[in-house]
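*Asks:* Listed here are the chains, written in short residue letters.
2 protein chains.
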Amino acid sequence: MSTIREVAKVANVSVATVSRVMNEKGYVSEKARVAVLQAIKQLDYRPNRVARSLFQKRSGLIGLIVPDITNPYFPQLARAVEDMAHKHGYQVILCNTDEQFQKEHEYIQSLEAMHVDGLIITTNYSNNPNYETIEVPIVALDRVLQGAIPTVTSNGYDGGKKAAQFLLDHGADELVVISGPSKLPTIKKRRDGFEEVAGKHLVASIESPFHFQGALDAANYLFDHYTCNGIFAANDVIAAATIQVAAERGIAIPEQLQVIGYDGIELGQMISPPLTTIAQPIYQMGELAAKLLIQRIEGKEIAAVHHELTVEVIERETTKRKDEQI
Amino acid sequence: MSTIREVAKVANVSVATVSRVMNEKGYVSEKARVAVLQAIKQLDYRPNRVARSLFQKRSGLIGLIVPDITNPYFPQLARAVEDMAHKHGYQVILCNTDEQFQKEHEYIQSLEAMHVDGLIITTNYSNNPNYETIEVPIVALDRVLQGAIPTVTSNGYDGGKKAAQFLLDHGADELVVISGPSKLPTIKKRRDGFEEVAGKHLVASIESPFHFQGALDAANYLFDHYTCNGIFAANDVIAAATIQVAAERGIAIPEQLQVIGYDGIELGQMISPPLTTIAQPIYQMGELAAKLLIQRIEGKEIAAVHHELTVEVIERETTKRKDEQI
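Just so you know, the sequences run in chain order B and W.
Those letters in the first sequence? Residues 1 to 326, by full-length UniProt numbering.
Those letters in the second sequence? Residues 1 to 326, by full-length UniProt numbering.
Some hints could be false.
Since copy identity is lost for identical chains, a pair holds within one copy or between any two.
[Unchecked claim] Below 25 angstroms or equal to it, Euclidean Cα-Cα: the simulated BS3-like pairs (lysine-lysine) are: (1) K41 x K300; (2) K41 x K87; (3) K87 x K189.
In short, the hints are calculated from the structure, not lab data.
Please read these numbers as outputs of a predicted model, since none were measured by experiment.
Model the full structure from these sequences, guided by the hints.
*Replies:* What follows is the structure in structure tokens.
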């Protein structure tokens with residue numbers, strides 16, 4: 001990536017002269033102007049950068065960085081961001097980082113180089129020092145980053161508490177949480193909330209990867225070693241895996257085992273029996289993140305920096321009806 | 001969106017003069033040059049267009065137009081496109097059209113205005129006259145467009161035949177196809193292939209929307225009016241809905257009813273029992289589409305225009321084992 005300094009050096013003029021040429025402001029000799037334009041071409045100095053400097057305009061692009069769009073939590077989030085962006089005349093560039101620091105870093109660099117107007121980041125690298133050096137507005141979605149970066153999350157601690165209370169209220173008294181990776185703060189909160197309300201009814205607390213195959217292993221491990229009648233899965237994919245393993249083992253849901261998930265993705269409706277879950281307002285979270293970002297891009301004041309939306313129980317058929325509880 | 005003609009009109013010069021200013025080629029009086037630059041600013045003529053004309057460079061952007069990223073078929077496709085694009089230094093702009101002609105039209109216009117280098121389109125508007133006027137390379141994915149536009153699809157006709165043969169081979173003899181919208185050529189082929197092989201064993205051919213709620217209605221309608229022991233669902237979402245309705249009605253799968261889906265999305269593994277399905281090579285299709293597009297963008301010859309990939313049966317637990325068939 002060439003810089004304005006290299007352009008100045010190759011054209012044998014000052015940086016100020018390059019800037020004057022690009023901004024079409026102030027006096028520049030025809031010879032210097034030609035030299036600068038030739039240097040820009042020779043060095044492959046980014047045309048968008050030139051255009052931006054020339055006209056001080058927006059690119060109309062927003063970068064959306066997700067771990068993996070095939071994780072079924074993210075399509076709805078991406079859809080909401082794209083809908084809101086579209087409404088305001090922005091386009092969304094989709095980036096998948098696989099939670100790899102290096103990949104995230106590269107994406108941020110190339111997005112900055114193509115002059116995106118802002119970034120929406122769902123990342124685990126909450127202490128990535130790069131964020132402080134990024135010049136465009138950022139909003140963090142589903143994660144809390146450091147400092148003054150606006151965030152949109154949901155109340156996972158309350159969600160965990162609600163899950164435990166719901167299972168207790170519906171007659172389960174031997175409770176297990178199958179948590180996601182506990183190094184993720186948003187996941188840890190769900191577990192902590194659940195454990196607090198479960199109290200003496202907590203039988204075990206097991207960690208599982210977020211992907212389905214890993215969750216199958218976690219569920220098999222659980223059923224091999226523990227007896228329980230109520231499970232809180234830290235996301236709906238883990239819940240689906242738990243239900244599949246229970247079905248293979250002939251454990252009746254919800255009669256012998258009640259299961260409650262977390263997220264509220266469409267998957268929960270598609271499995272049999274349909275999944276009771278703690279639903280995040282995923283679409284609204286994506287919408288709000290995009291709205292906050294666009295407000296920041298357009299230089300507007302935003303009311304609050306950290307937005308934590310509420311979650312709610314969606315009762316389906318993996319838990320007992322209240323009147324069946326005893 | 002302003003055009004070069006409007007710029008010329010406002011600047012009171014010819015289009016050729018505007019072009020000369022933008023290309024920094026040929027003689028232009030200083031007065032005309034200033035007038036053109038002012039007109040460009042006044043009309044908000046897109047800076048990328050200017051930059052592109054100035055330097056004849058690529059934007060590094062690929063537009064990916066899908067009906068809806070929350071339809072679980074598309075995330076894997078989008079992921080594959082993005083992976084391949086990333087490998088070649090391109091970024092992917094995600095657009096959701098909801099299968100609305102007007103929305104698709106608007107997206108194509110704004111993507112062209114921001115000078116994407118190419119477009120990957122999964123669309124139902126196979127006769128959209130706009131495609132012929134698009135100046136950048138296009139590849140059609142999961143759909144066949146008219147003319148010389150390269151396409152990547154899978155062999156749905158063969159998939160339908162394989163589904164029927166598999167059910168017959170595993171002891172089902174009263175067959176139903178729950179098709180998707182038959183106005184879609186790729187869907188019609190799946191149904192046609194199935195019907196051909198099912199022959200005298202075909203009990204009914206029912207059309208369902210692709211979304212889960214609509215598919216629940218279709219399955220209920222089917223079970224209310226027909227008796228069958230083998231169902232081919234035109235996608236995995238319809239299969240999941242069919243299995244859920246069967247479970248609610250106490251129909252044992254696969255003992256009383258065998259079900260086979262189509263697509264091979266991860267959902268099929270997550271439901272209980274796990275779904276036997278005709279798998280498209282979704283990731284490879286996305287990869288190939290992106291690869292073909294990049295070859296076209298970079299001016300390389302592409303070997304063939306229409307690529308139809310093969311599909312295969314993934315046997316899971318919604319169909320009987322061969323030795324259980326009688």
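*Asks:* Does each hint fit the structure? Answer for all of them.
*Replies:* Results of checking the hints against the structure:
no., hint, in the structure
1, K41 x K300, "between (36 angstroms within a copy, 23 angstroms between copies)"
2, K41 x K87, "between (36 angstroms within a copy, 24 angstroms between copies)"
3, K87 x K189, "neither (34 angstroms within a copy, 36 angstroms between copies)"
Of the numbered hints given earlier, the model fails hint 3 alone.
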